[in-house]
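Participant: Read off the chains here:
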Amino acid sequence: QKEVEQNSGPLSVPEGAIASLNCTYSDRGSQSFFWYRQYSGKSPELIMSIYSNGDKEDGRFTAQLNKASQYVSLLIRDSQPSDSATYLCAVNPGRDAGGTSYGKLTFGQGTILTVHP
Amino acid sequence: DGGITQSPKYLFRKEGQNVTLSCEQNLNHDAMYWYRQDPGQGLRLIYYSQIVNDFQKGDIAEGYSVSREKKESFPLTVTSAQKNPTAFYLCASRRTSGSYNEQFFGPGTRLTVL
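Those sequence lines, one after another, are chains A and B. Each residue of the first sequence is one higher than the one before, counting from 1 in our numbering. Each residue of the second sequence is one higher than the one before, counting from 118 in our numbering.
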């Protein structure tokens, strides 16, 4: 069973629309959640981090976290062609059995987003 | 400019060779990580290090080795024991003070086995 799952995609939206990317995770003790954007052939770039339930907004991006449902999402408003990329959801599972947090991340497989003019 | 550098950008390896990938950061981060990415997949953790002279195996450490002799450097060696080493290798670092776990990535090294 995968620990972090993302909607499979690919996702295609018209320019100006809202793109919605979803992610579920299996470890109920997970503490922190991240969204990375990865352009083709490039390395991942951190675009959002969220640590508590609710919404967090940064420009056109909104991250939503619901720990009870083990669900985190990313909304991109007014989508632009430059937003076309693979979006990776990453989860920090928190502390291990010994109580240590190593900051390790578990990644989903990514969702390819295409914004067409 | 603060950041993470990886070299080389592209690397070609013959069967049976060991190769070493470089990762350097000047962000003053304590923690460093190595990930592997295969086409169409997410990232998988190879090794990580929280402090100098200490490192732990990640989920797919077999066939890889690392060292952490300096805070700024965390080289990864891909040994001949790694059966399928062709992949995109990504190094990341993280500040360990405070409660945030944000990791930042270098530009990556693309390794191809000939």
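Bear in mind the hints are in silico, worked out from the structure with no lab data behind them. The model shown is predicted, which means the values in this text are computed figures rather than measured ones. Be aware that a few hints might be false.
Said to hold, decoys possible - List of simulated lysine to aspartate or glutamate pairs, DMTMM-like, C-alpha gap at most 25 Å: (1) B/K174 / A/D27; (2) B/K188 / B/D171; (3) B/K126 / A/E45; (4) B/K174 / A/E15; (5) B/K174 / B/E189.
Participant: Each of the hints needs a verdict: does it hold here or not?
Facilitator: These are the hints, each one checked on the structure:
{"no.": "1", "hint": "B/K174 / A/D27", "result": "holds, 20 Å"}
{"no.": "2", "hint": "B/K188 / B/D171", "result": "holds, 11 Å"}
{"no.": "3", "hint": "B/K126 / A/E45", "result": "holds, 17 Å"}
{"no.": "4", "hint": "B/K174 / A/E15", "result": "violated, 43 Å"}
{"no.": "5", "hint": "B/K174 / B/E189", "result": "holds, 19 Å"}
Against the hints set out earlier in the document, a violation occurs for number 4 only.
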